[in-house]
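With the first letter of the sequence shown counted as 1, position 67 gets the number 67 in full-length UniProt numbering; the numbers rise by one all the way through.
Source of the hints: derived by calculation from the structure; they are not laboratory data.
There could be a bad hint or two in this list.
Distance windows between CB atoms, simulated [as the list claims (entries may be wrong)]: (1) V131 x G44: 24 to 30 Å; (2) G87 x I25: 17 to 23 Å; (3) A51 x M213: 43 to 49 Å; (4) L19 x T76: 41 to 47 Å; (5) G44 x L88: 15 to 21 Å; (6) A119 x I47: 28 to 34 Å; (7) A28 x S191: 25 to 31 Å; (8) D135 x R18: 38 to 44 Å.
Just so it is clear, CB atoms sit at the ideal spot from N, CA and C, and this is done for glycine as well.
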Amino acid sequence: MVAHSDPFVAMQDSLRPRLPMWVKIVIALCCAIQVLTMGADLLGYPIVQQALVIFGGFWSPVVWAGHGIFPGHVLTIFVTYGFLHAGLLHLGMNMLSLVALARELNRLIGPARMALVYALSQVAAALLFAVMTPDGGPMIGASGAIFGLAGALVGFAAVTGWRRRRPLGQLWRGVAVMVVLNVALTVLMPSIAWEAHLGGALAGLLMGGWMAMSRSPRGFSGL
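Model the full structure from these sequences, guided by the hints.
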């Protein structure tokens, strides 16, 4: 191993956006589950995917009924649905979007706060889906939480730019990411749960704005 002798190179490495460990774990779990279901299908066991969707997908009627197939089912689906995907296209688009947003947001708010945004956005996405489609389900995918990250990026950039009286270039980039992602998913997958996207984006927007307001202007990272 060779250490960097150039201070400028070392500084560039330290400033380069990196993926937090929790993001890598989320990606690994999503990919592993998709490989498992595809492998089971190839071996003639489609029941594996069906069981994952039944037990792990988000079902609005379960929430409204207050109980599910097993004790705690009404709570676990708020977590498990985000790790299931409807094929490689769905998985690939979500994971690529997650990487792109996480690198940038990690630089602005850090890994712990970003994990909080991701988790709460996933819950908010499911809640709005349940409210707007009481009979809906199964709903699967990480896009609700990912839209939460995009919303947080927009909210943080907007408040930061306003407080520091700077151009809001990053704000428009964040808006563009959300719009392009939503349009692409809707076109490629007509059955997409846009209600969950909206819920996640609104939750992320509020949290991103709050996080920017709660920081001292001197503590802001460069935009």
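Okay, the hints, checked on the actual structure:
no., hint, verdict
1, V131 x G44: 24 to 30 Å, "39 Å, violated"
2, G87 x I25: 17 to 23 Å, "22 Å, holds"
3, A51 x M213: 43 to 49 Å, "45 Å, holds"
4, L19 x T76: 41 to 47 Å, "26 Å, violated"
5, G44 x L88: 15 to 21 Å, "20 Å, holds"
6, A119 x I47: 28 to 34 Å, "30 Å, holds"
7, A28 x S191: 25 to 31 Å, "26 Å, holds"
8, D135 x R18: 38 to 44 Å, "42 Å, holds"
Checked against the numbered hints above, the structure breaks hints 1 and 4 and satisfies the rest.
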